[in-house]
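Build out the structure end to end from the sequences listed, making use of the hints.
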Amino acid sequence: MLELIKSLSQAYGPAGREDRVRELIKDCLPSKENIIEDALGNLIFIKKGSGKKIMVAAHMDEVGIIVTDIDEHGFLRLAPVGGVSAYSALGKRFVFPGGVTGVVAVEKVENLHKLTYKELYLDIGAAAKKEAVAKISIGEIGVYEGSFAAVNNRLLSKALDDRVGCAILLEALRDMETDNEIYFVFSVQEELGLRGAATAAYRLNPDYGL
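The working numbering applies: residue 1 is where the sequence shown begins, and numbers increase by one.
Among the hints, erroneous ones may be present.
As the list claims (entries may be wrong) - The calculated lysine-lysine pairs, modelled on DSSO-like cross-linking and capped at a C-alpha distance of 30 angstroms, are:
{"id": "1", "residue 1": "Lys129", "residue 2": "Lys92"}
{"id": "2", "residue 1": "Lys47", "residue 2": "Lys6"}
{"id": "3", "residue 1": "Lys6", "residue 2": "Lys92"}
{"id": "4", "residue 1": "Lys32", "residue 2": "Lys48"}
{"id": "5", "residue 1": "Lys135", "residue 2": "Lys6"}
{"id": "6", "residue 1": "Lys52", "residue 2": "Lys26"}
{"id": "7", "residue 1": "Lys118", "residue 2": "Lys130"}
{"id": "8", "residue 1": "Lys32", "residue 2": "Lys47"}
{"id": "9", "residue 1": "Lys118", "residue 2": "Lys108"}
{"id": "10", "residue 1": "Lys26", "residue 2": "Lys48"}
{"id": "11", "residue 1": "Lys32", "residue 2": "Lys52"}
{"id": "12", "residue 1": "Lys26", "residue 2": "Lys47"}
{"id": "13", "residue 1": "Lys130", "residue 2": "Lys108"}
{"id": "14", "residue 1": "Lys118", "residue 2": "Lys129"}
{"id": "15", "residue 1": "Lys6", "residue 2": "Lys26"}
{"id": "16", "residue 1": "Lys114", "residue 2": "Lys92"}
Don't read these hints as lab results, they were simulated from the structure.
The structure is reproduced here in structure tokens:
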């Protein structure tokens, strides 16, 4: 279980770009039958039964930041993807799928409690715009950089919300014995407003949902 959580949590998968996480989960499913991948990106494993229809969901996506502009100094301007406040992003390192890493810094600001993304920039070590655009493009999404560690029965990592939930669903679908029909939904874009879970619920029309 610990290795599964580690593998899932360390995978890149911001909202709307959950492909790597979805492929990891597919590789862990006990069967390639009874699988639905919808147009939005949800992965649904169906455990057939004759009883009530029950949907259990965990989301694959994580929060991040998106590059909105690159200034003449080579600094990246940002916007949040999901619930990442400017204050919580400040001073943190973010990594992009191509391996580019940077740290979020701030221009001069009088009150950090009123900080907005307009005052933030990501420094990727570029000396000028030309150097920065050779490394990264506007529209790319970065996620928190953070290694996995187990400390005194506690786990430290990025994206534990909700890759732990995904791991629990994978364990449950292997062991669960029930007459009910269970829909295990690994959903997308939860961080953007429960989009994946809502779409799956309308499609499956379960009697109960968790």
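Hints, verified against the model:
no., hint, verdict
1, Lys129 <-> Lys92, "22 angstroms, holds"
2, Lys47 <-> Lys6, "26 angstroms, holds"
3, Lys6 <-> Lys92, "21 angstroms, holds"
4, Lys32 <-> Lys48, "14 angstroms, holds"
5, Lys135 <-> Lys6, "28 angstroms, holds"
6, Lys52 <-> Lys26, "25 angstroms, holds"
7, Lys118 <-> Lys130, "22 angstroms, holds"
8, Lys32 <-> Lys47, "12 angstroms, holds"
9, Lys118 <-> Lys108, "11 angstroms, holds"
10, Lys26 <-> Lys48, "18 angstroms, holds"
11, Lys32 <-> Lys52, "23 angstroms, holds"
12, Lys26 <-> Lys47, "15 angstroms, holds"
13, Lys130 <-> Lys108, "25 angstroms, holds"
14, Lys118 <-> Lys129, "18 angstroms, holds"
15, Lys6 <-> Lys26, "16 angstroms, holds"
16, Lys114 <-> Lys92, "18 angstroms, holds"
Of the hints listed earlier, there is not a single one the structure fails to meet.
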